[in-house]
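There are 2 protein chains.
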Amino acid sequence: MKLLAFLLMTASVLAEAPITLVIHGGAGISREELSAEKEAAARAALEESLRAGFKVLQSGGSSLDAVGMAIVVLEDSPSFNAGRGAVLTSAGAVEMDASIMDGATLKAGAVAGVQGVRNPIRLARAVMDHTPHVMLIGNGAEDFARERKLPFEPPDYFIIPERVRQLERAKEKAAKKQASIESLPPSFKAGTVGAVALDKAGHLAAGTSTGGMTNKRAGRVGDSPVIGAGTYADDDLVAVSCTGHGEYFIRCAVAHDVAARMRYQNATVGDATRAIIHERLKKMGGDGGLIALDAKGNVATPFNTPGMFHGIIRADGTIRIAIFEE
Amino acid sequence: MKLLAFLLMTASVLAEAPITLVIHGGAGISREELSAEKEAAARAALEESLRAGFKVLQSGGSSLDAVGMAIVVLEDSPSFNAGRGAVLTSAGAVEMDASIMDGATLKAGAVAGVQGVRNPIRLARAVMDHTPHVMLIGNGAEDFARERKLPFEPPDYFIIPERVRQLERAKEKAAKKQASIESLPPSFKAGTVGAVALDKAGHLAAGTSTGGMTNKRAGRVGDSPVIGAGTYADDDLVAVSCTGHGEYFIRCAVAHDVAARMRYQNATVGDATRAIIHERLKKMGGDGGLIALDAKGNVATPFNTPGMFHGIIRADGTIRIAIFEE
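In order, the protein sequences belong to chains Y and A. FYI, in the numbering used here the residues of the first sequence are 4 to 329. FYI, in the numbering used here the residues of the second sequence are 4 to 329.
Be aware that one or more of the hints could be misleading.
Copies of the same chain look alike in the list, so a pair counts if it works inside one copy or between any two.
Derived DSBU-like pairs: lysine-lysine, alpha-carbon spacing no greater than 30 Å straight-line [said to hold, decoys possible]:
1) K285 x K299
2) K174 x K152
3) K286 x K110
4) K110 x K299
5) K203 x K286
Hints in this document: simulated from the structure, not taken from any laboratory. From a predicted model like this one, the values you see are computed outputs, not experimental measurements.
Model the full structure from these sequences, guided by the hints.
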């Protein structure tokens, strides 16, 4: 009997996909900008996010729920540029973008330019689940958040002192020379968060959430809420979440390009992501990175910036958190 | 001398790309909904648009300028769902989206959820030319339009009686049964406009402009302003502008998918567009079509709906306008 039970258990484990969760806390950070204190806080938040998302996967939950849970933890952490701790627009406001995609159905939800919503990733999920639409923006998206009774927070909740100082410095720099985005320290545009997950049923999901770029013009939207640019998921291929200089990621439709290279060239997740991040984007001057996960649990975390906060938790519960090595 | 002049002229003509402009006025129209009067007005506007854009190409202007010019004519015409004549949101407002992309540089500009701006395609072009960004939305985009001194119009200019009636009917239908988008007559979601062009220098460009869907939720954004979904252009491959049920076009990143099939599978523009419109989207239930043009002047205009307003003008000035045949 014991043997039979063991065999049955083994068979059921074998039939399950190797649950995996990969997260990122943004590309662009450099060693010089990262104090020991900041690093410790970021690592702790990444670990908390991995454990929260993994618990969902372990208990048989969906990759969509795991992605949402992992991102909520990162949005709630002031260490990253999403939710609490998001960067400020030139008007000193927090305008957030997020998206999520279901690899099983190709359904997706996205929000852009939302203010006051505590967890934009939950709003993106609600758009996917409770509207016939993919993308809602601005006041319309906020009204929908109220309809769904999602929590709102006052500006004080989102705005942390470091972001106010960053905005001041960005404005000083902008006043001195032409306000080129390239001239800003990497951390001014870093910190987008994202997650990709594979659940027991073999379904993939991807999600991304961001406050965008410091001193951005009101209404500017980067790649994070753009399905195909910042986020993509397809069970047959891959789940992808991007971070970096969003304009380049939109122009190259980076997340969908990874899927396309895998679909049409039979590229591996490693080859497909290397080609777009280290070759194509690098040549164009597009700074950034991404996390990608295929349906067999293969992971790629390429970035062409000095660092990218990221972490992986595997089916056996082993965790790897890294910043400066892929 | 005459022979030499003739040879030189021939050589210079041969060195030039075969200037071509393709436009659409939206997929979804059915024969029953199209009165002779409406058809005549739409055909006249399409011809005017083709001639205006072609004049730019003929005089050596850029494909970007030709695309912008062709779309301005269609935005100004009340026959289509873009600019004047755009459909109404559930709140009775006009919220417009547009995007444009330069195949030579992969630079792009897009706006979403803008009100009052007479020609959203010109605003998208201004975002591309005069900001480091790709996408601006809502009030931020409108403020930028004022900065650029682009013309605004009052609601009366945009709102035509037919759209008010369509909104009333859409609301009645929504009140009776569940407000499913699928239950609306095709014309309620038809009428997006777009253009793709090839100039003498061999550069491609694409642009798209829309009012979205009748009775849409405020803040809903479809594929038209999403680079990679509704619009894409890459000189090495193709220029694409889409029209249809935007949510499906976003999920499949249709415009970029055409480019990806050509890049990674060496598909022709005909094969690539047929595969996505007549196979993939059709299977998913995604209604719509697209116009596509490659750098050799090959054109494809597939749609899986009863009709799609579209037109082509070739280097020799011949015009073809069609609605119910590709």
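Status of the hints after comparison with the structure:
1. K285 x K299: both (28 Å within a copy, 29 Å between copies)
2. K174 x K152: Classified as between: cross-chain Cα gap 25 Å, same-chain 36 Å, threshold 30 Å.
3. K286 x K110: between (32 Å within a copy, 15 Å between copies)
4. K110 x K299: Within one copy, since 21 Å is at most 30 Å while 36 Å is not.
5. K203 x K286: Only across copies: K203 and K286 sit 27 Å apart there, 38 Å inside one copy, limit 30 Å.
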